[in-house]
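Chain Z: place on chain F using the hints.
2 protein chains.
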Amino acid sequence: MTGFLLSKGFLAKFGGRLAAAAREAGLDPLVLHLPDDAGTRLAPEDCARIEIAYLTRDWRFSDHYLAFGDTVRACPNLKWVRFASTGVDQHPFLPALYRRGVKVTSSIGSNGEPVAQTAICGLLMLARRFPVWWDAQRRHAWEPMRGEAVPRDLEGQTVVIIGVGIIGTAVARFCQALGMHVIGVRRSPRRDEPVHEMHPPAALPELWPRTQWLVLACTHTPETHHLVNAATLARLPRGAHIINVSRGGVVDEPALIAALRSGHIAGAHLDVFEQEPLPAESPLWELTNVVVTPHNASASDGNDRRSAEIFLDHLRRWARGGPLANQSAG
Amino acid sequence: MTGFLLSKGFLAKFGGRLAAAAREAGLDPLVLHLPDDAGTRLAPEDCARIEIAYLTRDWRFSDHYLAFGDTVRACPNLKWVRFASTGVDQHPFLPALYRRGVKVTSSIGSNGEPVAQTAICGLLMLARRFPVWWDAQRRHAWEPMRGEAVPRDLEGQTVVIIGVGIIGTAVARFCQALGMHVIGVRRSPRRDEPVHEMHPPAALPELWPRTQWLVLACTHTPETHHLVNAATLARLPRGAHIINVSRGGVVDEPALIAALRSGHIAGAHLDVFEQEPLPAESPLWELTNVVVTPHNASASDGNDRRSAEIFLDHLRRWARGGPLANQSAG
Numbered sequence: 001m002t003g004f005l006l007s008k009g010f011l012a013k014f015g016g017r018l019a020a021a022a023r024e025a026g027l028d029p030l031v032l033h034l035p036d037d038a039g040t041r042l043a044p045e046d047c048a049r050i051e052i053a054y055l056t057r058d059w060r061f062s063d064h065y066l067a068f069g070d071t072v073r074a075c076p077n078l079k080w081v082r083f084a085s086t087g088v089d090q091h092p093f094l095p096a097l098y099r100r101g102v103k104v105t106s107s108i109g110s111n112g113e114p115v116a117q118t119a120i121c122g123l124l125m126l127a128r129r130f131p132v133w134w135d136a137q138r139r140h141a142w143e144p145m146r147g148e149a150v151p152r153d154l155e156g157q158t159v160v161i162i163g164v165g166i167i168g169t170a171v172a173r174f175c176q177a178l179g180m181h182v183i184g185v186r187r188s189p190r191r192d193e194p195v196h197e198m199h200p201p202a203a204l205p206e207l208w209p210r211t212q213w214l215v216l217a218c219t220h221t222p223e224t225h226h227l228v229n230a231a232t233l234a235r236l237p238r239g240a241h242i243i244n245v246s247r248g249g250v251v252d253e254p255a256l257i258a259a260l261r262s263g264h265i266a267g268a269h270l271d272v273f274e275q276e277p278l279p280a281e282s283p284l285w286e287l288t289n290v291v292v293t294p295h296n297a298s299a300s301d302g303n304d305r306r307s308a309e310i311f312l313d314h315l316r317r318w319a320r321g322g323p324l325a326n327q328s329a330g
Numbered sequence: 331m332t333g334f335l336l337s338k339g340f341l342a343k344f345g346g347r348l349a350a351a352a353r354e355a356g357l358d359p360l361v362l363h364l365p366d367d368a369g370t371r372l373a374p375e376d377c378a379r380i381e382i383a384y385l386t387r388d389w390r391f392s393d394h395y396l397a398f399g400d401t402v403r404a405c406p407n408l409k410w411v412r413f414a415s416t417g418v419d420q421h422p423f424l425p426a427l428y429r430r431g432v433k434v435t436s437s438i439g440s441n442g443e444p445v446a447q448t449a450i451c452g453l454l455m456l457a458r459r460f461p462v463w464w465d466a467q468r469r470h471a472w473e474p475m476r477g478e479a480v481p482r483d484l485e486g487q488t489v490v491i492i493g494v495g496i497i498g499t500a501v502a503r504f505c506q507a508l509g510m511h512v513i514g515v516r517r518s519p520r521r522d523e524p525v526h527e528m529h530p531p532a533a534l535p536e537l538w539p540r541t542q543w544l545v546l547a548c549t550h551t552p553e554t555h556h557l558v559n560a561a562t563l564a565r566l567p568r569g570a571h572i573i574n575v576s577r578g579g580v581v582d583e584p585a586l587i588a589a590l591r592s593g594h595i596a597g598a599h600l601d602v603f604e605q606e607p608l609p610a611e612s613p614l615w616e617l618t619n620v621v622v623t624p625h626n627a628s629a630s631d632g633n634d635r636r637s638a639e640i641f642l643d644h645l646r647r648w649a650r651g652g653p654l655a656n657q658s659a660g
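Going line by line, the protein sequences match chains F and Z. Quick note on our numbering: the first sequence kicks off at 1 and runs consecutively. Quick note on our numbering: the second sequence kicks off at 331 and runs consecutively.
Just chain F, same shape as in the assembly:
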């Protein structure tokens, strides 16, 4: 018997496929749920049965989130915790699991395409100046841009994409279709990324002055913390644009706000912020040419299915004792 901690929502949608995958992998699954009352915890004898726990979105964004954290900490035989998110963030219950050697994996790959589409939409909205049209629409005002007000051709402009993983690769492909010059920045290039140039992070000092569009699609690590700050922003050419679909901590937000206010940075699409939810008093909500999406770039109805498919694929490997992809080192 292999004990799984899974939501009823997951089981309703993917229970049949879980059973098939488990059978194929030679596992005899025993599925446990968190109690419906989010204030109640699983009994110790049930916790002892759980080897694999999956934090699906329905638990992540509900009162069951705390119960999930309490429960996995109380499972003495837990071997693997799986997240529906692409990144494994600083969940408060994780350090204890890492110390115990529990494997922690993400759903990386399950939502790359929707995130990239949101980022490209943000880029196009800024490039075509939709905020100007949108403002006029609110006022019922027919105000076509003419003369000096028209946007610049996007074709031929240079985009620097920091982090060319699954999301950054999809962004790069679209940017090429838009006729942009695409520069990727990645620690370990695979050499088949759809970019015109690939550089290591160490090359960034020479790249900043060429960066007309900056797309942040990297992970948030000590190396990328506040990578975009007052000094690096000052090195970008005047009129540059920024799209951030990575993590808020990659950007020094007050420095970005100052650069947006001065006009040095012409616009930004921000999906992530240093403090989330973004406080109502943040100037970012009101700044012209700032498009805010609430850490929601990935929203798409196919994510749960893609995430489940990756999980079931990993489950087969796990049963064979093989290594797990998407593993977080803690």
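By construction, these hints were calculated from the structure, which means they are not laboratory data. None of the values given here were measured: they were computed from a predicted structure. Check each hint, because a few of them may be wrong.
[As the list claims (entries may be wrong)] Pair ranges (Cβ atoms, derived): (1) Arg139(F) / Ala471(Z): 14 to 22 Å; (2) Arg517(Z) / Pro279(F): 52 to 60 Å; (3) Ala234(F) / Met331(Z): 53 to 61 Å; (4) His264(F) / Pro552(Z): 50 to 58 Å.
The beta carbon of each residue, even a glycine, is placed where N, CA and C say it ideally should be.
Frame of chain F; chain Z shown alone:
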């Protein structure tokens, strides 16, 4: 001597290239401008010298527009009128010129890429539900879409593009990059368009029920007038979206408004309208999931250069007595 009626703005930017093209074509150009005072007309002896007139954007969207029309009608030796726009619309002075056999050409091809980028941005904004995020941004509200509210995967959805000319072809290419199933509708296919299926207009009755996304990029002719009407809208699947970057007359606007209000059509990006400017009292300004751009999809700073390049290329052919492309039949 070949007389040109050209704006000072055109001459300032492209005068050198005009001189070179004229020299190459064996023409001795004499350039005339409209008088600075838009209320004054060129003298008859100057009008008699003009063979070629170019309606650039600076005249089209200024008080000189009327003077241009009056002047070309008063030029007895006029042979060719050229427009900076992609389409040749119902300018009031045109019928008289067609009757006299004056050649009339457009700048088709000069702004296909910007228009297609605007249309794709409109499509992505509707697909990713940016109107929902934008509304929340105005209220400083952090309201990520979760559960049933999340958008559908765009990948695998079917788009029907009516009119696969320069704009439609660019739209088709982007839709393929987005993983959509792309159907083109065109009277005279070239057979190299980037579509999965190509159909003649006669196939539309069978195509409507498959049309999850409808992109209108055709010309406005008696055949396409009110092509989208109450009857055809009713045949689209519930939740379909419409993008119109062709001409307002292709859509029966009250029928579209009714379909948007009922929810049968989930959203629309409209650049063109039956009456332009769109009247302030039109419900389209306020409808949720309607993105209005003011017949401005093409706005981009490279259009004038591209338009001038096409004009100079045509000038060389015209001097050789060859046929002019982009010619409007009247």
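Right, here's what the structure says about each hint:
Roughly 21 Å separates the CB atoms of Arg139(F) and Ala471(Z), a value that falls within the hinted 14 to 22 Å. In this structure the hint that Arg517(Z) and Pro279(F) lie 52 to 60 Å apart at CB holds, the actual value being about 56 Å. A C-beta distance of roughly 56 Å is found between Ala234(F) and Met331(Z), which places it inside the suggested range of 53 to 61 Å. For the pair His264(F) and Pro552(Z), the beta carbons lie near 52 Å from each other, so the given range of 50 to 58 Å is met.
Hint compliance for this structure: no hint is broken.
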